[in-house]
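Fit chain B to the given chain A structure using the hints.
Number of protein chains: 2
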Amino acid sequence: MLGYGSQTSQSERDWEKKFRDGIVPANIRENMQRLSARPHHVGSPYDKDNAEWILGKFKEWGFDAHIETFDVLFPTPKQRVVELLEPTKFTAKLQEPPLSVDPTSNQTAEQLPTYNAYSIDGDVTGPLVYVNFGNREDYEQLDRMGVSVKGAIVIARYGGGWRGVKPKVAAEHGAIGCIIYSDPRNDGYYEGDDYPGGGWRPRFGVQRGSVMDTDYPGDPLTPGVGATPDAKRLAIKDAKTITKIPVLPISYGDAQPLLAALKGEVAPDAWRGGLPITYHVGPGPAKVHLKVESNWDLKPLYDVIAMLHGTDDQHWVLRGNHHDAWVNGAEDPISGQAALLEEARMFGELHREGWTPKRTIVYCAWDGEEPGLLGSVEWVETHVDELKQRAVAYINSDSNSRGFLFTGGTQDLESFVSGVARDVQDPETKMSVFERSHLHSIANARNAEERKDVRKRHDLDVRALGDGSDYTAFQDFAGISTLNLGFGGEEDGTQYHSVYDDFYWYTHFVDTDFIYGRALAQTIGSAVMRLADADLIPLDYAPQAETIEKYEGELEKLLKDKQEEFTERNLELQEGVFRAINDPRRPAVPPPVEAVPPYMNFAPMKNALEALKKSSDRYSKDLSKWQAEGGPSESQKMESLNEDLLKVSRLFLNEKGLPERPWFKNQIYAPGAYTGYGAKPIAAVREYMDEKKWKEAEGQVPQVAQVIENVAASIDKCADDLEALAAPQQ
Amino acid sequence: MLGYGSQTSQSERDWEKKFRDGIVPANIRENMQRLSARPHHVGSPYDKDNAEWILGKFKEWGFDAHIETFDVLFPTPKQRVVELLEPTKFTAKLQEPPLSVDPTSNQTAEQLPTYNAYSIDGDVTGPLVYVNFGNREDYEQLDRMGVSVKGAIVIARYGGGWRGVKPKVAAEHGAIGCIIYSDPRNDGYYEGDDYPGGGWRPRFGVQRGSVMDTDYPGDPLTPGVGATPDAKRLAIKDAKTITKIPVLPISYGDAQPLLAALKGEVAPDAWRGGLPITYHVGPGPAKVHLKVESNWDLKPLYDVIAMLHGTDDQHWVLRGNHHDAWVNGAEDPISGQAALLEEARMFGELHREGWTPKRTIVYCAWDGEEPGLLGSVEWVETHVDELKQRAVAYINSDSNSRGFLFTGGTQDLESFVSGVARDVQDPETKMSVFERSHLHSIANARNAEERKDVRKRHDLDVRALGDGSDYTAFQDFAGISTLNLGFGGEEDGTQYHSVYDDFYWYTHFVDTDFIYGRALAQTIGSAVMRLADADLIPLDYAPQAETIEKYEGELEKLLKDKQEEFTERNLELQEGVFRAINDPRRPAVPPPVEAVPPYMNFAPMKNALEALKKSSDRYSKDLSKWQAEGGPSESQKMESLNEDLLKVSRLFLNEKGLPERPWFKNQIYAPGAYTGYGAKPIAAVREYMDEKKWKEAEGQVPQVAQVIENVAASIDKCADDLEALAAPQQ
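So the protein lines, in turn, are chains A and B.
Mapping of the first sequence onto my numbering: residues 16 to 745, in sequence order.
Mapping of the second sequence onto my numbering: residues 16 to 745, in sequence order.
Keep in mind the hints are simulated off the structure, nothing from the lab.
It is possible that some hints are incorrect.
Put simply, identical chains are the same to the list, so a pair is met inside one copy or across any two.
[Unchecked claim] Each computed DSS-like pair below joins lysine-lysine, with the alpha-carbon atoms no more than 27 Å apart:
#, residue 1, residue 2
1, Lys572, Lys467
2, Lys577, Lys471
3, Lys732, Lys640
4, Lys575, Lys467
5, Lys403, Lys671
6, Lys108, Lys306
Okay, chain A solo, but in the shape it has when bound (with noise of 0.2 Å):
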């Protein structure tokens, strides 16, 4: 048991399978059931009741707990229109309809309507043009077919990336606006019987979301600082993360009429989706107006911040999952949320029985995730500095369905969490959730190398993090390590950001029987006591060397692939290859040539790997020589020890953050900024490569480099401290 010593792991052994096997699938379904029964957004009624409910139950557990409140601005739609003018008329419902056999579809008066969050107002009108997923490639193949979006409202399906991509790329483009609809392709029949008969998305159901843009997660009006009461404000006018352009989202049966009243050429093959028509790119001749107003109002949030002391109050674990909700949200966020209890209720059991903590626990259920991770990220940025001293990891998870673990992260903590994965069992096939993963992992290996790698693996596989959920704040702002915990992949269909994700469908149709809300409470608890009471915390930096190896690797393979691609291409112009290939009934515009990639200089990147390779490979031989000798300690070192260890993580992040996003300072792990939900690893290089700035490119790779030594000095340093340890004077 990573960072245990050979007195203390069977106690914490004792003590988990303890909270292990109390865990009770009924009561995830109780709290899910009260969670969940009405609509609960930011500012709604429903909203505060939850909190004050979720801090009732946490001070009943014997927690020590309190509400944080912030004030932040979240648009709530006023007026929405979308309506086809031409070549007929037709009026888009924009309403997602009660259905009989679903109890609480019918609460129309406390639901939000469908709309996007942070979408500017505007009224405009103009020719529609379909641009797929409305991302920056779909936009160079419109290009290629000779469409312009300049004054045309665009319709982009939901997928293919975040929401907010697709309206930040249309207006860049000089589209006026953006209608985001879910095909039934991606999300609907086509995956599955649709809802209620099925799991899937029905004709009219429709995903609100938040289309903030992504220069800065957290309140618009106070980027890098808390929302609290006395915080410097912008004015919304200076808000740089509300669109450009207004947005609404809407079902495909509201979708269809305006898609099939398209001409132009045919989309490409790969754009087209499930409705029974043929999908054309227009411009027009269907004409649109679209228009969106909104209430913008500041909206009360309430985090719920739970502690339960350790004899080592200094440090904290953390985990958290939001409550808020687009309506209902059973499964969003409700299924992390209502495991999420169930653990605290189990911990306060085990209090009473006997256990404390090492160090302190602190759970925390945030409010406004939904909008842009509000809750999260105002908590982390009033309470930054303390973090930095205190945290040893945070541990995150909202949806929650059924099937395999997926663990993303920082590779930190990737032994630590496979250790916990082997001693839970998965309810489906008996056998344990790290066993179930990693034949998973195996049988989706794209081909035989990675499926070879992934056998010599011993480890699962934690995936780097962009910004989908509330870890954000504490690994790109704060440089805490991290984890996101779910299961999934045995999907019956998503109800996503939907009416109908409720009690009623998620009972029905997801996790019916709260089994993997059982496996989720399991892993996330257990890996909770773990990091908590730890002797020595149980990180271990060889894998996340491994793994920013395999990044920096990715780079110099972007820049052989643009070479080789632009060389390419520029031969084939000169070939006359795309003259060869026009078919003049629908004709295609070449692509421009393209300047080659320069080589680069990754050597500095490359020298500070090796010494990161070296460090950590050093430290992981020490742990287990610490461990191999049943894990002597002594107390004052051991402090100093762990002191060091929880700093090391910090060290990933530069002040200054990356080059255009000075919020997110981590330097390896960081979302994309045309991706969003996705990770762009070491997104200071990357991202300008993708712009094809080689050359700033070049520019960034030594402070990256100064950031990986440093990191590997500090790990050093621990090295040396557990040598001392391992090898006491004797």
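Only chain B this time, still in chain A's reference frame:
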């Protein structure tokens, strides 16, 4: 100019130029309008009328022409029923509605109903199962899902190979009936606007077609011999190529209610089509009644054979295209037939102006291609001995569209046809059709390696042919060098085997101004002239040797892939991967343990290939030298060399034929028993490998090697002859 001496090439160039300049698109248009004016399937009045009109034309242009008649089994439907009995009632229309804009679509009295020829009569009722394309892999997938088709009626979508494979494999798995439908994903609105707004298949459009088994093509009652009046005929019940279960084709309009009534597991992603439903596999609850009853009379075939006698009347250059259609058949086959006739007209013109081909040119307008290559097969079977003596090559065409020249055939003609394609201008880009096709191959290469190969290659890529059109008997039964040429790749839809494949549709959505009809006539006409007039028959064996070596390499790769696949699968079974990924809501049966294939001895074939490469390289060099020296010729030696060259391709035959398909004599070129259209080079070995009969496959290697050695020796003989010519004794 390959095969031409300096004295003859200029005159050839002049005549060819005159030929190409004389081809008139308007004539091709007129030919199409006449021939597609009424339905003209086998046995119909207009089929005979067309044959007589074609005969008259050939005679008018100075050809020595006649009609050759055969009597063949060709069933036509008397009764057809497809009904959904449960859970709701629905009766399929089985009817393509006339369209007011389309003037021939209402010739319902003469149209063949929608059906699959050579379906056995039957009247069956059973639960429905969706089987994707109905290939063997699809049934492996169904096994994994625990779904059996025993006693069921299967519904398969068109595509993924020859339609006749669908009922064959269904019957092998115990199905009692087979319905085949056109899914809009592959053949309808998903691809583009449907007819008559666009060119794609409309809701009630149906693909007719033969489902004759692939044991042998041609008349089911006279395998291996011509269906002449005195031929010995099998009883119908003994005809192996009639299906084992009844089959009918339907439209997607008729298919949708059937598919929508299926429950059971959701079909795998790759199986789902473009209908706005969730695709389930069943079985049931849909219960279907299928009935087919045909008139099993013999019907007459009218092959039109027209000769333009050369100065050397002992050797023939053959050129063919069928004239029968399923209905009006503007594209299939009249787009090719109309070009063929325009070639013949110009040959008559040149002949009047003083040109006489060296070798005799034989133009063939085949009847009965659609039911099963009947006209060409019966003719070749009747004349096989004479053909083996006389045939230099056979050039085929069938449907013609727009875009890029596609070349199939035997690669001994690869250098030759590339030379021809360099001399024909592409009407859209004004580059040569060679260059356009070559650049298209660069654009379509799947990776950098393939692109490199294409760039290195001086020639077009002549693909191995299976059995999709009238070249089959020439190549596979008679061992004649073959080309199949056509333009395509810029389609605006297809009405393949539908009433809507007519003059109105073709002239609105395909080659509207017949400039690709002209390009086809120019390409094939030039090829025919150049083959007929050459001093030395323009065969070059180096590309063929290289290609056969590639085919051999594919066998070795297939073995290696199967070894790796089964080793991996068995390992995963042992590791528990399939247990780990099993979702209890959609339980999957693990695949069976497979014996890992043993290593096979390919050495005899590799040794033979070394000999083939050596002899063909030698002949290529000799040929270059001969051409460089201006083509010295000594008529007697020349004649004997040409005689030898003519016979090389015959040596690919083995009179015993393929192990389980004795009609197919060619040991290198053959269709697959389970692919039909698609070629399976070196089928004797490869098909046993597909069956996992490794020992039997290995057992075929020596005889294939022997065939290759014989070919190599005969090429060496040609090289001897040529060296004697090129270096005449001084």
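For each hint, the structure was consulted:
no.: 1; hint: Lys572 to Lys467; verdict: both (20 Å within a copy, 21 Å between copies)
no.: 2; hint: Lys577 to Lys471; verdict: between (31 Å within a copy, 23 Å between copies)
no.: 3; hint: Lys732 to Lys640; verdict: within (17 Å within a copy, 77 Å between copies)
no.: 4; hint: Lys575 to Lys467; verdict: both (24 Å within a copy, 18 Å between copies)
no.: 5; hint: Lys403 to Lys671; verdict: within (17 Å within a copy, 83 Å between copies)
no.: 6; hint: Lys108 to Lys306; verdict: within (14 Å within a copy, 46 Å between copies)
Checked against the numbered hints above, the structure breaks none of them.
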